[in-house]
Every structure is written in C-alpha cells, then in structure tokens.
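**Q** Sequence:
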Amino acid sequence: MLVEEKPISLEAVESEVASYDNTSSSTIVESTYEERLIRKVDLHLILPLWCMFLVSFMDRINLGNVVVLGMPKDLHLQGHQYNVVLQSFFITYLLFDIPSNIFLKRSRPSYFLSALSFFWGVSSLCQGLVKGFAGLLICRLFLGAFEAGAMPACIYMTSMYYKRHELQFRFNILWTAGIAAGCVSGLLAYAIDHLGGVGGLAGWRWILVLDGLLACILSLLAVFVLADWPHQARFFTASEKAFWARRTQGEAQDLASMERLDKAAVSRILRDWKIWCGAFIYLGIGTSGYSAALFVPSILRSLGYSGIQSQVQSIPIWAVATVSAVMTGFISDRVKHRYGFIMFGLCVATTGYAILLGQGASPSSRELDLGLPLAARHLAVFLAVGGTHIAQPVILIWLANNLCGSYKRGVGAAIQILFGSIAGIVSSNSFVSEDAPRYFAGYGTVIGLLFMSGALSTVFALGLIWENRKRERGERDYRLLLRDEERTNLGDDHPSFRFTL
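According to numbering that gives the first Met the number 0, the stretch in the sequence shown is residues 0 to 500, in order.
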C-alpha cells in the first residue's frame, strides 16, 4: 500500500527554518553570555587568589631557602631544632584548619582572607628579626595559625563558582602559585641575599622580612579586588547573579545540597568514607609535596651544588612542575577524568624518589654512589617534583568533585588539607641533617606513602563506581522518605547525585 505524499508548503519550510535560527541564535547568545561571565569570575577570583596563594606559600617555604644561607649558624640552632621549627608550623595549621573554613562560610571572604594574609605577613616578617630558636618557633606557630585558611579557602571558593569539569584547570592555575613560589622564592633568595649587611641584617634575614612585607601589602589590595560568595559578588549585576545561581544549581543536580550545619549534617560529614579516604590519599602525596618544597635546596646541595647554586638550580625544576600542572588540569577537565592522572603522577614521582634512594652503596653509606651520574640524580629531582605536582592538585579536586553542598565541601576540603598538614610534620621529621647526603629514611618514607596513595586512589575509584551503580538500581531511594528537614540537606548522599572518576 502506497502512502500518499502531502505537498510541503513554502510557508511551512520558512517557519521551520526561522524556528531553527531562533533556537540556534538563542543558544549562541547564551553561550557567549556565559563565557563572558566565566572570564569575569576568572579575573575577580582566580587572579587575586593566585597572588594570595603565592605569597602564602613563599612565606611557608622560605626557611628551606635560608637554611643553606647561614640561618642555623646565626641563630645557634642545634640538633633537630630546625626540624622542630618546621613542624611547629603544622601544629597550629592543624588546629585552625577546619574552624577557618567554617568561619569563611559565614563571613565575607574578601575581608576574612585579607586579614589572614596581613597577619601571616607580619609573622613571616618577624622571623627575620628573631634572635634565637624560641623566637623563631613562636613566629612559625603564628604563621601556621594564620595560613591555615588559605588552601581550604581556595578549594572551597572555586568549587562554589565553577562546574565540576571546569574546576581542575582553574584550580591547577591556582596551584601553580605554590609551585611558582618555589621558583620565585629561590630566585628572590639569590637576589636578596646580596643585601646582606644592609641595615645590620644578614642576607637571610632580609629574605624573610621582604617576603612578609609583600604579603602585608597584597592583603590591603585584596580587600578591594578579591571576590566574595557568588550571591555577594560585587562584580555581578542582579541578573548575572541569578544566571550564575541557576548555572551552579544545575551542576549540583538540583536536590543535592547541604546549606545547614546541623547535627544530622555533621554526622553525615564525619561518617562519609570518601572524605577520610581522600584525606589519607592526600597525606601520602602531601608528604612528597612538602618534602620537595622544604628540602629541594638541601637535596640539590647534597648532589654537590653550593648554597647559592642550589637556589638557582631549583628554578628550572619548579618551572617544569608548573607546566606539568597546567597541562594536567586542562586535559583532565577536557576528558572529565581524574583517577588516571593521579596514578600517572604517582608513578612519575615514585620513579624519581627511587633513583634518589638508590644513589648510595648501602643505607648506612655516607658517600654517594659514584656510578650514578650527577645528571641522573638531577633528573630524579625533576621527576620527583614534577610527578608530585601532577597528582597532588588532582587529588584535592577529585574529592571536591564528589562532595555536594557548601558545608560538605567546606568541611571536607578542610579535613583533607588537615591531613596534608600531618604530611608536613612527617616530611619535616624524615629529612634530618644526620642523614645527609643520602636521606635514606626520607626517600624511603616518601616512597612508601606514595604507594599508599596509589592503593587508596584505586579503592576510592572502585567505591565511586559501586555507589553509582547502587543509585542507578534505586538502592538509595529510601533516603527520599526521610523527613523534609533532613531530605533537603543530604548533600551528595541524595540519590540524585552521581559521582565522577
């Protein structure tokens, strides 16, 4: 049986084309509008946070530069006192990490973070004026307390502005501030050390004083340029705020939110296996990160470079790490994947530390293995640092991508960074002067913890797959029967939320 073909009128065709053109034009206009707002957020959020994170990390790691420029001798440090000073920073960092992020949620970030920046600048500046071990210890304790809010704030604020797969590239841009701090800090240390004797201060004192002064100056500027929360953003119009709210709410998968920190919410946060697994993953890779940040000049000096040469030789290492981190963030967002990049970075870093570990004839050897060329040992430092900075920022965003609700993300990020502080304590006690130039215990500890991070990352990935499948089968739908007050505050425990690898 033949079907009679009906003639198509010219008017119908024109109507269809017009409808298509209007839809297409509307989509293009909205996409252009969205891109313009994203660039505006990048300018008002990422750039100020990058500068703030740069000076934060410079103030945190500058002792690694001045320790090879005469500080221990001038302050009469003995035994393990330098390592005690290093780990004292992380004690107060641990104590103020979570409270800082909770307070950030209830304040204007531009005011709160600017105040923190000013006071950690003062603490760093005072390090250059102390006369002995006790004064340096007190300054580091204050520095840790005021810097505790910096890194969690970066994760928390960016996760509240961007979609899940826009976040890694932008956070890695922020992360390069920490890497650049290693490069800039070494370069500035080399330059500022020539001020030795000016004003009666040694060169290493000028390094600490000027680093702290820079943080104080930038904090005053941050009050006026740093973004607040999206609903408070001074650079958004009312209509732009409404558009951005719809955009981010859609990414949060509508019903998955946690805007009240009540007893049930606290219980859900503390019982979430993802937070604790992510925290231990970060503990492992964080030990490598802090070891690199605090001891690269010392490691390079153990390879035969002088104090000044070790500062200069550290610059290309940090430059390569910066490029690696940016490329990783860009590709990770494009392919919408995290786990594979973490494992790749862990393998690269482990290879570097394994080469450094094998540079002696035996664990007790005080001499380097002359059969291992200097170039190979220098390459190992590149691998250790570069691999670390491929994996470390991805681990942070991987957890943030799989948490939903402002309080869940804020507290989860703070707990993860808290474990990173423990990593700082571990690293500062693993590389001790008595073990130079081999640092056998330090390299061995880092390798073991990198293996732990790899194993737990695999557990984390399998757990996410398992949980997504349970939700697809409707095995978490019973949570929809909870009373309204709890059901609307479930965060990522809501059955509608899906996890990402």
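Hints listed in this document are in silico derivations from the structure and should not be mistaken for laboratory results.
Be careful, since some hints might not be right.
As the list claims (entries may be wrong) - Only pairs whose alpha carbons sit at most 20 Å apart, straight line, appear in this in silico EDC-like list of lysine to aspartate or glutamate:
#, residue 1, residue 2
1, K262, D73
2, K104, D227
3, K130, E165
4, K39, D192
5, K130, D192
6, K162, D73
None of these values were measured; they are calculated from a predicted model.
**Q** State for each hint whether it applies.
**A** Evaluation of the provided hints:
1. K262 to D73: violated, 52 Å
2. K104 to D227: holds, 10 Å
3. K130 to E165: Violated, at roughly 48 Å.
4. K39 to D192: violated, 39 Å
5. K130 to D192: Within the cut-off at roughly 18 Å; holds.
6. K162 to D73: violated, 50 Å
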